[in-house]
Amino acid sequence: MTGLLRTIIAAAWLLLALLPGAAESASEPKYRLIVMPKLLGIAYYDAVKRGVDEAARELPDAEVVWMGPPQDLVGKQIEMLESVIPTKPNVIAVAANDPVAIVQVMKKAQAAGIHAMSWDGDSRHREFFVNLVDFDEFGTGLIEAIQEETGPKADIAIITTSFTAPNQSSWIEAIKRRIYAKYPGLKILDIRPAGESTEEAYRITKDYLRTMPTLKGIIVLGAPNPAGAARAVKEAGLAGKIAVVGNSTPNLMRNYLKDGTVRKVLLWNAPDHGYLTVHCAYLLAKGELKPGVPFKAGRLGMFTPKKDALSMRVALPVLIFTKENVDKHHF
Amino acid sequence: MKIMTKLNLMSIGIVVVMTVSVLSVGIWIINDILYKFSEQVLRLELENAGKTIFQELNRSGVRAAAAAAESMGRQLQMKPGLHTTKLAIIEATDNRIVYHPDFSPGDRAPFAFVGEMFQRERGVIEYTLDGISTYAVFVTVQPIDWLLSLSISKAEMLEGRGLFLREVGIITFVVLCMNAFLVSLFGWRLLKRIGATAHCVNRIEKGELSARIATIPVRDEIGILQEGVNAMCERIEQRTAEQQEAEKALREREARIRRLVDSNIIGIFLWDMQGNIVDANDAFLRLIGYDREELAAGEIFWTRLTPPEFVAADVQKGEEVRRTQTCTPYEKEFFRKDGTRVPILLGAAMFEGSGETGVAFVLDLTERRAAEAALRSAHDQLEIRVQERTSDLKRINQRLEFEIQERKQAEEGLAQRTHELARSNAELEQLAYVASHDLQEPLRMIASYLQLLEKRYAGKLDADGREFIDYAVDGARRMQSLIDDLLTFSRLGTKAQVMQPTDCSKVMALVLRGLYLAVQECGAQIHCDPLPVVMADQTQLAQLFQNLITNAIKFRSDASPMVRIAAEPTEEGWCFSVEDNGIGIAPEYRERIFVMFQRLHGRREYPGTGIGLAICKKIVERHGGRIWVESAPGQGTIFRFTLPRLPDDTQHDRLAEEAGSRA
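Taken in sequence, the protein lines are chains A and B. Under our numbering, the letters of the first sequence match residues 1440 to 1770, in that order. Under our numbering, the letters of the second sequence match residues 16 to 678, in that order.
Worth flagging that the hints you see were computed from the coordinates, not collected in a lab. Hints may be right or wrong, so weigh each one.
Under the rule of at most 30 Å between Cα atoms (straight-line distance), these lysine-lysine pairs were calculated in the DSSO-like manner [claimed, not checked]:
| no. | chain 1 | residue 1 | chain 2 | residue 2 |
| --- | --- | --- | --- | --- |
| 1 | B | K66 | A | K1626 |
| 2 | B | K101 | B | K207 |
| 3 | B | K66 | A | K1645 |
| 4 | B | K101 | A | K1626 |
| 5 | A | K1515 | B | K66 |
| 6 | B | K221 | B | K51 |
| 7 | A | K1547 | A | K1592 |
| 8 | A | K1488 | A | K1469 |
| 9 | B | K521 | B | K569 |
| 10 | A | K1725 | A | K1527 |
| 11 | A | K1515 | A | K1621 |
| 12 | B | K66 | B | K51 |
Footprint (simulated), chain A over chain B, 3 or more residues, beta carbon under 8 Å [said to hold, decoys possible]:
| no. | segment |
| --- | --- |
| 13 | 108 to 119 |
| 14 | 623 to 630 |
Think of the CB as a built atom: it goes at the ideal place given N, C-alpha and C, for glycine as much as any other residue.
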């Protein structure tokens, strides 16, 4: 029900954005920033929006438009962006559902004089990328967390969302690099895709436990998935013997953290991500983002854009939930 | 046999070069084909395998994908021609093996070229691993960053090549050898035929004109050449025979000509421009009194034979001979050996193309000269007589000329007088016209003032005065009508219109319409026959008819007047007649009536000016006709006049014929 309501609100926002003059009634904002999540109507992006709204309040000469598709489909995103381009916003910031498919519309926006940047889900073409967290840092964090439980010589397995998901792929790459560099004793026996499905993660975990007697730990990627893996381990009575580490939200993992099935859950601060994205979009519109030149992003303090293969990027620091701090976060 | 050796050597060379060429080009082509074919097959298999592997990966994860790759690799190795293929998966992160038949998963791939393959993303690569030369097709897959590679040993790939080379090489060699043999055989046969031809030509050259090439087996280029040689021999033989015959004929003719010259009664000698006499016949020698020995010794020169007064003529004739190759015969004299002279007629001709030498013909004129002298004396006597007769004739002629001159002068005087007469006549007409025209104005003034006088002062005048005025008015009126008629008459000459074909019936109808009142008044009966079309001035023709009819009515007798108008064809053209039953004219007046102002009656009996018939006469004469009258007093009158017929007047001819047939 709330999902439907939000969709309607988003549509209204879009309508406002498309009607010239309607949004200019109060004060005339100098910059119009479009921020597009992968989809609307899930708790995670609601949390992100809190940060977005907070940043928008701090920037009176910017109008921030939050819009996104009802499902995580890149086609819908492209459709929406196509309709936004003629209204000539200053910046579009997209959490791409597909890094390659989105490229065409990003280029089209740039051709129309609009700054195109990505956040959350990267695009193969953009001027700036606000990453959730630094991939290497996150991969390293996951490996450190699991080897704390299994020791540096152990067989492990990974559950991911899909092999095409850019974040998960990057983290897996970072995990492998960390293993090859520091813990060659850790052996990845298998990597299986579970989508964003707690049930599928549960099923795969049960299969892992059945077929891999030497298994000591599982890294579970994708916010809904660690809960499934934790349930399977707990049900098998292997809590504490088989390590479960992954990325998820505090709301989903609170119980497993508290009962000890899971010791560490890695994530980033979702509202902070929205907050940082809006600040970056604002600075991009003003042309003040340069690689290696630090900038101040409101209450989050200083960030320094890093040059990467496509353009430049910043990332949030990794946030680790344990049973001690989990109750401080609600999303 | 030299050509044969060359031909054979060339054949062997071609066999060797062609075999080597075919083999090297064959290797090049087959290599290319094998590489392309292998690449396509391997890529197809790789893509096929890749699809299955990725399906498995996305469904069941990395281990399942590796298992699928292993199974696919095994299946590939079962296929023919792909026994040495190896399917491998390597991931980009640290070049770790995901699947490879020779390595364990997770091992680091020990191949130097993996980096290059990742960089190129897709393509083919050749490398040597453990001493085995290998060819591989590879493709990278994103976003998983895997490298899929399918390799095959080159030995297997190029297996077909050896077989191909062996078979194609042998076939080519055999075919070329056969070709060389055939060429050699053919060349040998050709050379044999060329040899036969050369032999024949040699024989001809040595004078054996009857030599021929015995056999011509094939009618190819050499056959045609041989036929040509045979034909040529035939012609040479024939020509030679003909030439010999011609020479013989020539010799005979020369002898005959010699005979002709020597035995001729006309003197003939051959000369040159230097004055020599090269040869001469007996007649000539006799003429000039020399003998043949002197001629042979070159002692006779035609220049020395010529007396000095003929040198100029000789030079002139010499020029003519140079120019035209011949000269017209001319008379001259030659000195005889004894110093006397002989008159001769000499003609000369130059030998064609020589420019210097020629022949001359000499005729002795001694006898002819004597005859001529006799003739000349007879001729001289005749001449004297002719001169006498001629002088008589001349005198008579002069008299005649004088008379002709006189006659001419008289004619000229006559013509001049005629011309003056015509001019004075024209002037008179002009004068009459001008006078009558200009007289009208003062006359009209006299008449109108007289009438005014009569009107205003009639009461104040006595009977005599009124009578005088009446006389004056009457006189003025008469003068008016006189002048009118005079004007009309003079206008006939000065105001004539153009002659054109005019229908007389129409003109007559117009005239009768104008005379209607006058006719009615006197109760006249007028009958008019159909009238022809003539060339006429329409106005004048109307005047003519009107005058004649008016006359006929005017001079009527006591009987009621009847007028008949008719026309008939005559030799002079159309003859019109206007006949009445009036008072008639006495014969002595028949000419006078046509003179101007001639009246036969008093004005009181018959009014009028007396000019009407003069006008008629003039009109008719202007139209090239004549007018006359036939009448006797009390018998009525017939006026007749003629008008020329039109050139194409068929009616005239028809009527004339009818009249003729009636007669």
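We went through each hint and held it up to the structure:
Proposed proximity of K66/B and K1626/A is supported: the alpha carbons are some 27 Å apart, at most 30 Å. A distance of roughly 68 Å separates the Cα atoms of K101/B and K207/B; the hinted pair therefore is violated under the 30 Å criterion. Only pairs whose Cα atoms come within 30 Å are accepted, and K66/B paired with K1645/A is accepted, the gap being roughly 28 Å. As the CA atoms of K101/B and K1626/A are separated by approximately 25 Å, the hinted pair is consistent with the 30 Å bound.
For the proposed pair K1515/A and K66/B, the alpha carbon gap of about 27 Å is at most 30 Å, so the pair holds. Annotation: proposed proximity of K221/B to K51/B is violated, straight-line Cα distance about 72 Å (limit 30 Å). Using a Cα cut-off of 30 Å, the hinted pair K1547/A and K1592/A is violated, with the two alpha carbons roughly 50 Å apart. Among the hinted pairs, K1488/A with K1469/A is consistent with the structure: their alpha-carbon atoms are about 21 Å apart, no more than 30 Å.
A hinted pair counts as satisfied when its Cα atoms are at most 30 Å apart, and K521/B with K569/B qualifies at roughly 23 Å. At roughly 15 Å between alpha-carbon atoms, K1725/A and K1527/A fall within 30 Å of each other, so this suggested pair holds. Between the alpha carbons of K1515/A and K1621/A the distance comes to roughly 42 Å, so the proposed pair goes past 30 Å and is violated. About 22 Å separates the Cα atoms of K66/B and K51/B, which keeps this hinted pair within 30 Å; it holds.
Given as covered by chain A, the segment 108 to 119 of chain B passes the check, having 3 residues with a CB less than 8 Å from a CB of that chain where 3 are the minimum. Proximity of the segment 623 to 630 of chain B to chain A, defined as three or more residues with a beta carbon under 8 Å from a beta carbon of that chain, is not established by the 0 residues found.
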